[in-house]
Amino acid sequence: MLRTRSVVRGVVALAAVAVVALALPPLSLTVDESAIPPASSLPTLPEGARVTGKDMGCGSGGCWLELTVDAPPWMSGEELAAEVLPDGRACPFQGAFDLRRVCSWVMDTGAGSVQVNLQYERWVD
Numbered sequence: 002m003l004r005t006r007s008v009v010r011g012v013v014a015l016a017a018v019a020v021v022a023l024a025l026p027p028l029s030l031t032v033d034e035s036a037i038p039p040a041s042s043l044p045t046l047p048e049g050a051r052v053t054g055k056d057m058g059c060g061s062g063g064c065w066l067e068l069t070v071d072a073p074p075w076m077s078g079e080e081l082a083a084e085v086l087p088d089g090r091a092c093p094f095q096g097a098f099d100l101r102r103v104c105s106w107v108m109d110t111g112a113g114s115v116q117v118n119l120q121y122e123r124w125v126d
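Quick note on our numbering: the sequence shown kicks off at 2 and runs consecutively.
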């Protein structure tokens with residue numbers, strides 16, 4: 002009986018730690034609206050495209066990362082935008098243990114480049 006209680010207490014303690022660990026990243030967004038995702042969160046770029054500029058912007062909805070991506074010589078800015086973000090916007094989850102979503106969207110396209118913004122989004126509102 003004593004052994005069963007110890008096992009149950011251990012399982013409950015592990016479950017509590019797991020819940021707290023999963024809740025911390027999304028809850029931190031409510032506290033820190035200036036958090037921005039890393040540039041590595043950018044969707045996969047085609048061969049020859051490269052990030053040439055990085056900036057940060059902030060507004061009433063939080064902060065975001067502004068990346069300028071130069072297209073390869075054989076691609077226009079619009080073609081690059083269509084290949085990187087076909088729907089113009091994507092909000093995938095980071096992973097099984099980080100329940101924040103990183104939203105990416107095309108802000109502007111030029112002749113040979115595109116500006117893509119990245120921002121964390123809470124998964125619960």
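No lab work stands behind these hints: they were computed from the structure.
Model, not experiment: these values are computed from the prediction.
One should not assume that every hint holds.
Stated by the list, open to error - Cross-link-like lysine to aspartate or glutamate pairs, in silico, EDC-like; alpha carbons within 16 Å at most: (1) K55 <-> D71; (2) K55 <-> E122; (3) K55 <-> E67.
Hints, verified against the model:
1. With a C-alpha separation of about 12 Å, the suggested pair K55 and D71 falls inside the 16 Å cut-off, and the hint holds.
2. Among the hinted pairs, K55 with E122 is inconsistent with the structure: their alpha-carbon atoms are about 20 Å apart, more than 16 Å.
3. With a C-alpha separation of about 6 Å, the suggested pair K55 and E67 falls inside the 16 Å cut-off, and the hint holds.
The structure is inconsistent with hint 2 alone, although it conforms to all the rest.
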